[in-house]
Amino acid sequence: MNDVLDLKIKATQIRLDLINMIYESKSGHIGGSLSSADILTVLYYNVMNIDPNNPNWEERDRFILSKGHSVEAYYSVLADKGYFPKEELKTYCKFGTRLIGHPNNKIPGIEMNTGALGHGLSIAVGMALGAKMDNKSFRVFTLMGDGELAEGSNWEAAMAASHYKLNNLIGIVDRNKLQISGNTEEVMSLEPLEDKWKSFGWDVLTTDGNDIEKLIDTFNAAIASANDKPKLILAYTTKGKGVKFIENKANWHHRVPTEEEYKAAISELQELMEVYLNEQNIK
Amino acid sequence: MNNIIAPRDMFGKTLLELGEINDNIFVINADVSKATKTEEFAKKFGDRYINVGISEQNMVGVAAGLARVGFISIMSTFASFAPGRCYDQIRQSIAYSNLNVKVASTHPGLAVGPDGAMHQCLDDVALMRELPNFIVLAPSDQIETKKAVIKAIEYNGPVYIRIGRMECPIYFKEDWDFEIGKAYILKDGSDVTLIAHGSMVHIIYEASDELEKEGISVRVIDMPSIKPIDTKVIIKAAMETRGIIVAEDHFIYGGLYSAVCEVTSNFSPCIVKAIGVQDIFGESGSPLELYKKYGLTKENVILKAKEILKS
Ligand SMILES: Cc1ncc(C[n+]2csc(CCOP(=O)(O)OP(=O)(O)O)c2C)c(N)n1
Ligand SMILES: [Mg+2]
Chain A
1 MNDVLDLKIK ATQIRLDLIN MIYESKSGHI GGSLSSADIL TVLYYNVMNI
51 DPNNPNWEER DRFILSKGHS VEAYYSVLAD KGYFPKEELK TYCKFGTRLI
101 GHPNNKIPGI EMNTGALGHG LSIAVGMALG AKMDNKSFRV FTLMGDGELA
151 EGSNWEAAMA ASHYKLNNLI GIVDRNKLQI SGNTEEVMSL EPLEDKWKSF
201 GWDVLTTDGN DIEKLIDTFN AAIASANDKP KLILAYTTKG KGVKFIENKA
251 NWHHRVPTEE EYKAAISELQ ELMEVYLNEQ NIK
Chain B
1 MNNIIAPRDM FGKTLLELGE INDNIFVINA DVSKATKTEE FAKKFGDRYI
51 NVGISEQNMV GVAAGLARVG FISIMSTFAS FAPGRCYDQI RQSIAYSNLN
101 VKVASTHPGL AVGPDGAMHQ CLDDVALMRE LPNFIVLAPS DQIETKKAVI
151 KAIEYNGPVY IRIGRMECPI YFKEDWDFEI GKAYILKDGS DVTLIAHGSM
201 VHIIYEASDE LEKEGISVRV IDMPSIKPID TKVIIKAAME TRGIIVAEDH
251 FIYGGLYSAV CEVTSNFSPC IVKAIGVQDI FGESGSPLEL YKKYGLTKEN
301 VILKAKEILK S
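So the sequence lines, in the order shown, correspond to chains A and B.
For the first sequence, full-length UniProt numbering assigns the number 1 to the initial residue and increments by one for each residue that follows.
For the second sequence, full-length UniProt numbering assigns the number 1 to the initial residue and increments by one for each residue that follows.
If you're looking for bench data, these hints aren't it; they were derived computationally from the structure.
Each computed PhoX-like pair below joins lysine-lysine, with the alpha-carbon atoms no more than 25 angstroms apart:
#1 B:Lys182 / B:Lys232
#2 A:Lys90 / B:Lys293
#3 A:Lys94 / B:Lys293
#4 A:Lys244 / B:Lys34
Work out the full structure: start from the sequences and follow the hints.
What follows is the structure, encoded as structure tokens:
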């Protein structure tokens, strides 16, 4: 499934699924999940070489959700891809579930247990290094939060990735400019962020991280690049994307919607879905 | 006083009160001030508060530096992230350098609930207890939390305070005097001794009520000071009752259970049984569902007490 419109529909479905999960379980991280839904959709439906029927296929591209708290978007995508039954999403965070509150590699399709921030990039370095050593062609992707970049470990990994010339590694930053306690530039300023990555020896590609078409182009460009540098996709996003009253509000990092808010969120996304479906019919 | 609040709320309130009378207090946080309840302090004493963002290792160094130039540093985050994330920084820059830093961590144990094993810190007491110079406190109810925070700040040196997230019934009176290094006997008894810290105090207390109904005399000890530990109280319990049960929302390795065993095996060997999380990571669920699955229940305390009395 590669058509841009199809992927927009997919991302909207993922947003609906993740809001249902959060409302049902009364826990979760809604803002960061919504902001990364388009990135995950493009990765899983367009970019990565994967086989959900064979999650341990050796040649598969690897993905690590370094910002593990966006697990609701991740589980929704994995379920939709068929790694586990969609029904299981209803058990999210509940006692006895496999789908615990942060990614866990007992779940098919998940490589690493994450949730403590600042781990993903180092792991990605290890995997990308392993691929090179074994002459394997798989690529390694990791999605980081922007607030997460305050963890020094990311910069240790950034240094290592360029040192080892890991051009099979693609890091993505969900640049929504918010963390729990507010705006990243007020809490611990990251700018000039593009220059920081460049000075660590990375190729940096910037894009609108909530625009499916641009994301596809950016991933293609990153993959096509022939030099030996690791690639960083600085994906400018809106935290809470897709639900107007959640967008750009720090306090929606892990708030659970009330019944009224839940209904409003679902109906806003369903309206968008209608628009896309109509477009599809016209085509 | 019937207004029960969670220990972490009391931590926030106490800091606010201390901020008024002690302008040497500096509070540091790493993006989770809402959860660790230091937000109010931040609002009121903005010039003695910083949020270093999501950088716990950095937070430790900054706290140590501030302490070295004369402040009383109080750094707080979740137990998984301090000591979890920044143990080496704590070891070298706080413990070894013997600086006046208070590491105040919330969200310990299975009580964290749905977030799952990554966030359920079950090894913090073990990590902190073996560090020279550190005092380790794990208060239970809100009053004990308040007093422990006050005493930790009065004390000149490194202190780790494990602060609960679940509400706990009140066992102590406002005018009671908390001392570092002392255990508190909530009920005296002569058949069996129950010892706990933090959220498990409530559970051993409930277990004792049931055991008493069956005519068993139970000594209930709240042991907020894990280091230094109240050796006398432990030795007395070992000698005067038939055995000890130690309950904690922590791994059975390295925590209060180990600390109590170190005392009994040295001075007065007796049966000491553990209620705690075995050699396994947690999962998602409500705190009480998890307590049940992992055996942190009054039923399990009762069972073990009877085993001791049978032996
Ligand atoms: C090491 C560590 N410290 C603190 C936390 C608590 N925490 C969870 S999410 C979060 C904020 C993340 O912000 P950001 O990286 O910007 O993610 P996003 O905005 O995409 O949700 C924090 C501080 C954590 N999970 N790990
Ligand atoms: Mg962010």
